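S.K.: Same order as they appear, the protein sequences are chains E and A. Numbering-wise (the numbering used here), the first sequence opens with residue 1 and increments by one. Numbering-wise (the numbering used here), the second sequence opens with residue 1 and increments by one.
Treat the hints with care, as some may be off.
It does not matter which identical chain is used: a pair holds within one copy or between any two.
[Unchecked claim] Simulated pairs of lysine-lysine, DSS-like, Cα-Cα distance not exceeding 30 angstroms: (1) Lys98 with Lys293; (2) Lys204 with Lys393; (3) Lys293 with Lys393; (4) Lys181 with Lys195; (5) Lys148 with Lys393; (6) Lys42 with Lys181.
No lab work stands behind these hints: they were computed from the structure. Note that the structure is a prediction, hence the values are computed from the model and not measured.
Protein chains: 2
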Amino acid sequence: MSEESGTSRRRWLGLTAALGAGLAGCKRSTPVADSGPGLLGKPVSAYGERSPFETAVRGLPDTRTPEVAASRTPLQDSCGILTPSSLHYERHHAGVPKIDPAGHRLLIHGMVDRPLIFTMDEIQRLPAISRIYFLECSGNSSGEWGEKTGRNAAQSHGLASCSEWTGVPLSVLLGEAGVQKRARWLIVEGADACKMQRSLPMEKAMDDALVAWGQNGEALRPEQGYPLRLVVPGWEGNISVKWLRRVMAVEEPYMVRDETSHYTDLMPDGTARVFTFMMEAKSLITFPSGGQKLTSPGYCQITGLAWSGRGRIERVEISTDDGRTWHDASLQEPRLPRAFTRFYFPWNWDGKEAVLQSRCIDQDGYVQPTKEALVEVRGLNSQYHYNGIKVWKVLADGSVSNA
Amino acid sequence: MSEESGTSRRRWLGLTAALGAGLAGCKRSTPVADSGPGLLGKPVSAYGERSPFETAVRGLPDTRTPEVAASRTPLQDSCGILTPSSLHYERHHAGVPKIDPAGHRLLIHGMVDRPLIFTMDEIQRLPAISRIYFLECSGNSSGEWGEKTGRNAAQSHGLASCSEWTGVPLSVLLGEAGVQKRARWLIVEGADACKMQRSLPMEKAMDDALVAWGQNGEALRPEQGYPLRLVVPGWEGNISVKWLRRVMAVEEPYMVRDETSHYTDLMPDGTARVFTFMMEAKSLITFPSGGQKLTSPGYCQITGLAWSGRGRIERVEISTDDGRTWHDASLQEPRLPRAFTRFYFPWNWDGKEAVLQSRCIDQDGYVQPTKEALVEVRGLNSQYHYNGIKVWKVLADGSVSNA
């Protein structure tokens, strides 16, 4: 512990002095203005709720079909690496079904030696593991391809969230069923009204896919697939089929609706990239970010989130001068593979206009591209898989906008 | 990947076969009985809620003063290492105050060079970090000292929970204020009606204490100290003062009510141990645990939680034969210091009576004691700091009780 003077036992960083006007109320003799609550507060309760002063909500679309729609995590209000389950992003293709877990079954069949049907009780007696993983819709940041970019973090990046998932490795269930050698793909199917289907390569299924029943310490939320969902770490969210009811082993992908008409990438030459499962490295400054306001110059810790479908985030760099210089941010440990990583960067805002950007590098050395570099390769037909650098502008009055 | 036969690409563990009657419905030709929801489900929503089929709640006391009381986390329903904020245990001494963050202030004064008052906005601009830590009331498991032990995990161990906390290291705030050399303790004070106070040694305050405003990705919950609390990792919960409003640097502890009349350990010789801050290593089987029922013999993954105020959990051992033999459980990674660690142990229940126990060993080599060993040292005057091994008995009908 360094000592600055004979009287202080910890180095004075001057952070609070730098806040200047922000600490105008700080005088040696200032008493605590309010002695605080003097009456008994609320009693203990069975199931807690957040403070009525807290108002962060998911961003909702302006649509006449909110059952076939998405809602967005307010990442501008996030802290740490976890997303509260109540604020986890949604993307439904036929609304949120109400499923009684007592009647729910998972069927494993197709090219297997021993077709199996599981009740929820049976699945929950099998070897479970817990992992913290992000999920991200491949349509996240689709608005960023155009000129009218997201005005706040929810609008631009809110189709990404991070939870602790608990469940049985899909490989365990497939092992019990005995997958036959010629089976190279799985058709995974949800119990929602559209019976969402996707084709999942056997290699990924056997690697780290999870049949999850727990989320952040309790049962999955209905919007996240209650009572059972697939979690396919690092891959586009749509393949992590919710309300999972069926896994069928097959030889070839089925080219179902949501891997052909949706979730493919139309390239400049008119061809379409299909099965672009991996969500590439991406980052976002969440504070200060669009729609927020700095009330005074001075110290302000820049913070945000980075993630990569390939594994761990190795490095995040910050620019506060419109990309002229870049500096390493510090990364919150533990950095978990395919999970959000929180980053921090110390900044003294001088009260002038500033352009803030973050870019991340993952364990494979992949560097998050600029929008321009991304468009050069992918063109402007793309709707999915945008991971360009996001730019925020701090104005002289402290307000922050999408630059 | 091992291969068992020419047709199966993953070793068949026989887990599901062992479940026997539990998989009675599993025949090759069994169709999925119910085609599932056929109508559009619920639309996207601003703030999600759990399924109406989920009923886990905090255990509430039978008391006429529920404002001065505790509620217990239903650990028997837990998964992973995180506690949902709505189910985090409570212990209030004057109820839950309703505090408007716009009016809340933190005063740092006493033997400091620069007394400071912070608004919430100012604190949230300072360098924050996030850490996953357990909190445990030193009165947790107090019923276990006697003959009538807890009938389920909430009753016996439910005054412990684990969250991701976000906030500013207390050392940063103290550094800004400039703590004087003679100041060896802090008096920390809450804004609730009883103005809860505790004396905190400066060394711990400078080490890892956190002034937290975030919990599990959102603002602290009111029951957990909204808008600001202390988190003193690994130490008895009471010193992690909620609704924190004042930190005063002093020379000596103040011997306040809750470190003299409460939270001390009366020893067999009539003396009292005071300032027994550290919560020693402890573990608990959460499944199968008291009040639960196994519906059939066969495979059943034993799982539970272990934690230690000293740091990481190094090892957890399981006995299924009334303590005659012990076997290593597997531990969920990452094992974080002063956080819950989830453990797993594969077990085939043969349908006969079985006595289940877990014991943990922490990074210092401290071994969780039996109840008998604990009583031998501490006697039976103690109300606090119980960390003996918990015993569950599985009866022949599959029901589980406190043995």
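S.K.: Decide, hint by hint, whether the structure agrees.
M.R.: Verification of the supplied hints:
no.	hint	verdict
1	Lys98 with Lys293	between (40 angstroms within a copy, 26 angstroms between copies)
2	Lys204 with Lys393	neither (40 angstroms within a copy, 40 angstroms between copies)
3	Lys293 with Lys393	within (11 angstroms within a copy, 58 angstroms between copies)
4	Lys181 with Lys195	within (27 angstroms within a copy, 68 angstroms between copies)
5	Lys148 with Lys393	within (15 angstroms within a copy, 63 angstroms between copies)
6	Lys42 with Lys181	neither (61 angstroms within a copy, 40 angstroms between copies)
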